[in-house]
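Chemist: The lines below spell out each chain.
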Amino acid sequence: MSWGVGAALGVIWSCAFWPARAGAAEAHEKRPDCSRPLSLALHDHGLLFSAATGAGIDKDVADELIRRSGCKVHVSLLPRARIWQLIENGALDFSLSGISTPERDKFAAFAWYFSNKYYLLVRRDAQVSNLDDFARNQGLQLGVIRSFRYSDSANRLVDTMAEQRRLTQSSGLPALFTALLAGQVQGMIIEPFDEPAIALAQLREATQVIEFGDPPVPHGLIMSRQSLSEAEQRKWRDLVMTLRRDGTVQRIFEKYFKPDLARAMVAAE
Amino acid sequence: MAARIRNNGPGLRAKLLHALGPQARWLRWRGLPGLVLLASLGLTTAYWHRERNEALRDQHHAFDVALNDASQQMLLRMAAHEHLLQGVQGFLAAAPPQNAAAVQRYVDALPLGADFAGLQGIALARRAGTPDHPKVLLQQIEPAAARNAAALGRDLWAAPQLRQALLQAEESGRMALSAKLDLRELGLGAQVGFVMVLPVYGPAPQSGLTPGTVPAHRAPLQAWVLAPWVAPDLMASLYGGLPHGLALTLYDGQQLDDAAVLYRSENSGSGSARGSGSGSGSLSAAPPAQQAREYLVIGGHTWTLALQASDDFAARHGAETPGVVLAVGGCFSLLLALMAGLLGTARERAQALAERMTQALRESEQRWSSALESAGDGVWDVRPRTGVINSSARWKTLMGWPPDQPEPTPSQLRARIHPEDRSRAQVEWQRCLDGFSGKFVSEYRVAAADNPDADPISRDGWNWVLARGTVVERNGKQRPLRVIGTLSDINARRLSEERVRFMALHDPLTELANRAHFGERLHFALAHARRHNERLGLILLDLDRFKPINDQFGHAVGDQLLQTVASRIRTSVRETDTVGRIGGDEFVVLLTGPLSRETAQVVADKIFNQVALPMALSKELSDSRVEISCSLGLAIYPDDGTDELSLTKAADDAMYANKRAGRQLRGVFTNP
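In the order they appear, the protein sequences are chains A and B.
Per the numbering used here, residue 872 is the first one in the first sequence, and the count goes up by one each step.
Per the numbering used here, residue 3 is the first one in the second sequence, and the count goes up by one each step.
In short, the hints are calculated from the structure, not lab data.
Check each hint, because a few of them may be wrong.
Incomplete in silico selection of chain B near chain A, CB under 8 Å [as the list claims (entries may be wrong)]:
#, residue
1, A64
2, D71
3, Q75
4, R79
5, M80
6, L169
7, S174
8, R176
9, Q256
10, E296
11, Y297
12, T304
13, S394
14, A395
Chain A is nowhere near these chain B residues, computed Cβ spacing over 10 Å in every case [stated by the list, open to error]:
#, residue
15, L69
16, L77
17, A81
18, R165
19, R295
20, I300
21, G302
22, G343
23, A348
24, E365
25, R501
26, R523
27, N552
28, R662
Ideal placement from N, C-alpha and C gives every residue a C-beta, glycine not left out.
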C-alpha cells in the first residue's frame, strides 16, 4: 500500500512539476550557446557609439544582449571596414547596426532592431538642389566611410561617384564633417544618429539636406555565418526580437532621440 | 539574291555587273575598300574604346586596392601599437602602484623590435602640481636610455598637443593620439613625431568592456601610459615597399600643407598644394583620377593619407595597350581595305594587264610582220616534234603554196624543194636542230606556183629562196621545240649571180665560151685526155668576108649573123663539146669524148654545111637573106699536137691553108 501511495504521489509530483521543468528546459534551449567566449565589435559612429564618451545606442543594446544571453562577450572598438572583414572570415562573432546587401548576406545574418532613412548633406555653395545636380557637377566630391552602404538611391550615387573618381573615403565620421566644412568634400551621406561633434550652427549655415527618397533601411545585429550556426543565429535573433517586443529598444532610443523619432525608428516591420 | 545570281552561273552575274556599268566599277574600286576601311576602323575604334575603358578600370581598381591596403595597414599597425600599450595599461592597473622595477621588467620583456620601429620608449606620467597650475610629470620611461633619462621630470602638460591628448585619453578612457609635435622639445625623441596616450585608472573596470574604458562613474586616474613615436621611422617600416609608380604622403590633420607632413614616400613630389582647407568654404578643385586621399581617424585624431599615381603606374596597368590597339588596328584596317580593293579589282586589273600585254604583243607582231612583209620576206614557225608549220601569207607565196590552203606538212614542204638542193638543205636544217650551228641558213630552189601570178623571173619553174631561222625553244633535254625564221626571195640575186658568172666566162653576144673560158676547158680536156689516153679534136673556124657584110648591113645584122652562126655551130656538135668565140668572127670548137679523125672530120663538115646555109636576118626595114661561108681548121690530139699551143697552131695552120686554097675544104690538114 505504501509503495502504491508513494507511486501515486510520484505521479502527482511529476504531473505538477513536469511542465515547469519542461518550460525551464525549453527556456534553456532558447538561450544562446555560451560555451565559448564570444566577440562583439563596436564602431565609433555618432550616437550609436562614441569612443570619447564610451556611450551610445549600440553600447546599450550590446550590454542588454550580453546580460540577457548570459554569455561572456568581449567587446572591442574597431573601424567599420575591419569589422566587416572579421565578420566575413568568422574572426568576429557580432557587431551592431549593420544593414544588409547581397554581398553581405553571403557571410552575415542579421537581426533587425531599428530602421532609418538616409540623407545627402551637401554644401549650400555647391548649388545642388537634387541628387542629379550633385551627380552632374564633376567638380563635387562625395565623402563616405569606407565599407559603408546605404539605401538604394544612395548606393547608386556612391557607385557613380566611385566610377567618376569623385569619392573620398574616411575611416570615421568626424573627419567627414570637418572635410565638409573645409570644402574638401561637398557632400556626405548622413543618418539621424550621425553626430557632427562640431559646431552645429556653423554646419547648418553651410549645408543643406537632400532626401534620397528611399524607404527606411533596417539596421540590426550582425552575426557571422562563419562562426555561428543557423540555430545560434535564430536564438540571437529571437533575443533581439524580445528586446524589441518588450520595449527595451524603444527605451534605449528614447535616451538619444525624441520619443516620436525613436518610435519611428524602432517600429516593428 | 546573291545565291540566285550564283546559281544562275557567271553569265547572269556578268550581265548584272555589266548592267550596273560605272556603278559597279565604282563599287569595286572605291566603294568596297572604303566600306571595309570604315568597318574596320569602326571595329578598331570600338575595341580601342573598350580597351581604354578596361585599362582605366584596371588602373582605378589597382589604385583603389593600393589605397585600401595603405589605409588598412596603417589602422592595423596603430591598433597593434594600441594593444601594446593596453598591455602596459592592464599591467599597471593590476600591479601595485608606483612599482617602477616591475614596469621596467614588463617593458624589457616586450618584443620591441623592427615591428615597433619608431617607438622611442614607453613612459609613465602622473598628475602633479595644483588644480590652478596643473602639471603632468614624466616619471618613468623605459628602456632607460640616456636620452630618455634626460626627459624625466618634464612637464608634459606644457605642450599643447600633449595636453589635449592627455585630456582626451582621461575623458574617453581610450587611446588618444597627439597631434604632430617635435619630440626633441620633450626630450622624447630625435625628430618630429606623435605620442600615443592611454589612461590608467585605479579600480578595476565595472563593465564588460576592455580595461581603461570609462564606466558611467568615472574612476580616478592613476597615470598615463605614453608611447612617443618618430613618425618617419614608423611610416618607413610600413610603406617602405610601395607599388611602383605610387607616391604616398601622410598628413597630420586635414590641412594638407608641408607643415602637416608626417611622412612622404621617396617618389612623392615635395609640397602638397592640395588646397589649404582653411575652412573658407570655397569649392576645392577635384583631384585628378589617380590621386586620392583618405581620412584615418585614430585615437580621436585624424590623419590624411594622400596617394598619387604616376604615369608609370598607369603604364604598368595597361595604359599603353589602347594606343597599341589603335595603331595596330589602324594599320590592319588600311591593309584590309587595300586587300579588299585588290581582291575586288583583281579580275579587272588582270584583264587590263592581259589586254595591255596582248596589245603590246599584237603591236610588236604587227611591227615585225609589217617590217618583214615590207622587206618581202615570209615568216615561218615550225615545231619540229609535231611538224606543225605556221607561216605568213608571203611565205606561202614564196614557197609556191596556194595562200588559201593550210600550211603544208613537212613532207609536202620537202617535195617542193629542188631535188639537187633537198639533201643539202636537210643537212643544214638538221645541223641547226642538233645545235651544231647556231642558225639555220640555207639557199635552195622551190617549185614555182602553178598559177598565172607566179613570179615571172623563174625560167625553169624553180625559184631560189633563202631560209634563215633559229631554235627559240628547247626542252630540258635540249630537244628543239620551236624554230622561227624568215624566207627571202633570192631568185633574182641568184640569177643575176649566175648571169655575172656566165658573162665572165662567155661571150655576151653569142653566149659561147669566151677565150679565157675556152682556154680553161681546153686545158682541162687535154689533161683528161693525157690521163686517160684519149683523143681531142680542136676546130678553129673563121667566117669568110664577115667584115663587108657587117659594113653593108650594119652591126645589128652583123650581130644577128654571129649569133646564128654560133647557134648553128652549137647544134652541130654534141653537148659534151665546147664551142667558143675567141675573136670578132673567129670561133673554136673542142671535141671531147670517144673521137677519131674521121668522126671529127664529120663534125667539121657538118659545121661547115650548117654555117653555109642561108640566114634570114631581120633588119629595120626588111628581112634580108645572107649567105656566109667559113674556113675551118681541124687538129687532133695527140696526132697534130700535144699541148694547147701546138694543137691550136696546127688547127690554125689548117684553117689558113684552107682559106688560102679558096676551096671549101673541111679542115683537112695537109702538109704542102
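Chemist: Are the hints correct? Go through all of them and say.
Modeler: For each hint, the structure was consulted:
At its closest, the beta carbon of B:A64 sits 13 Å from a beta carbon of chain A; the interface hint therefore is violated under the 8 Å criterion. Checking B:D71 against chain A: minimum C-beta separation of about 12 Å lies over 8 Å; hint violated. At a threshold of 8 Å, the smallest CB-CB gap from B:Q75 to chain A is about 12 Å, leaving the interface hint violated. At its closest, the beta carbon of B:R79 sits 12 Å from a beta carbon of chain A; the interface hint therefore is violated under the 8 Å criterion.
Taken as an interface hint, B:M80 does not check out: its beta carbon lies about 10 Å from the nearest beta carbon of chain A, beyond 8 Å. The closest approach between the C-beta of B:L169 and any C-beta of chain A is roughly 11 Å, which is over the 8 Å cut-off, so the hint fails. The closest approach between the C-beta of B:S174 and any C-beta of chain A is roughly 4 Å, which is under the 8 Å cut-off, so the hint is satisfied. Using the Cβ-Cβ criterion of 8 Å, the hint placing B:R176 at the interface with chain A is satisfied: the shortest such distance is roughly 5 Å.
Of the supplied interface hints, the one on B:Q256 holds, with its beta-carbon coming within about 6 Å of a beta-carbon of chain A, less than 8 Å. With a least beta-carbon distance of about 4 Å to chain A, the hint placing B:E296 at the interface is held under the 8 Å criterion. For the restraint placing B:Y297 at the interface with chain A, the shortest Cβ-Cβ distance is roughly 3 Å, inside the 8 Å limit, so the hint holds. For B:T304, the shortest C-beta to C-beta distance to chain A is roughly 4 Å, which falls under 8 Å, so the interface hint holds.
With 8 Å as the threshold, the beta carbon of B:S394 stays out of range of chain A, its nearest partner Cβ sitting at about 86 Å, so the hint is violated. With its C-beta approaching chain A no nearer than about 89 Å, B:A395 sits outside the 8 Å limit, and its interface hint is violated. A beta-carbon of chain A is positioned within 10 Å of the beta-carbon of B:L69; the least distance is around 7 Å. Distance to chain A contradicts B:L77 as a non-interface residue, since its nearest Cβ pair spans about 6 Å, not more than 10 Å.
Annotated as non-interface, B:A81 brings its C-beta within 10 Å of a C-beta of chain A; the closest such distance is 8 Å. Listed as outside the interface, B:R165 is consistent with that label: its C-beta sits roughly 16 Å from the nearest C-beta of chain A, beyond the 10 Å cut-off. Residue placement check: B:R295 does not keep its beta carbon more than 10 Å from all beta carbons of chain A (closest about 6 Å). B:I300, annotated as away from the interface, has a beta carbon of chain A within 10 Å; the closest lies near 8 Å.
Look at B:G302: its CB is around 6 Å from the nearest CB on chain A, not clear of 10 Å, so calling it non-interface is violated. Every beta carbon of chain A lies more than 10 Å from that of B:G343, the smallest distance being close to 42 Å; the non-interface claim holds. With a least beta-carbon separation of about 50 Å from chain A, B:A348 lies farther than 10 Å from that chain, consistent with its non-interface assignment. Listed as a non-interface residue, B:E365 keeps its Cβ farther than 10 Å from every Cβ of chain A; the least gap is roughly 72 Å.
Against the 10 Å criterion, B:R501 stays outside the reach of chain A, whose nearest CB is about 113 Å from its own CB. Distance check for B:R523 against chain A: the nearest CB is about 126 Å away, which clears 10 Å, and the non-interface claim stands. At the 10 Å boundary, the C-beta of B:N552 stays outside the reach of chain A, the nearest C-beta of that chain being 137 Å off. Every beta carbon of chain A lies more than 10 Å from that of B:R662, the smallest distance being close to 153 Å; the non-interface claim holds.
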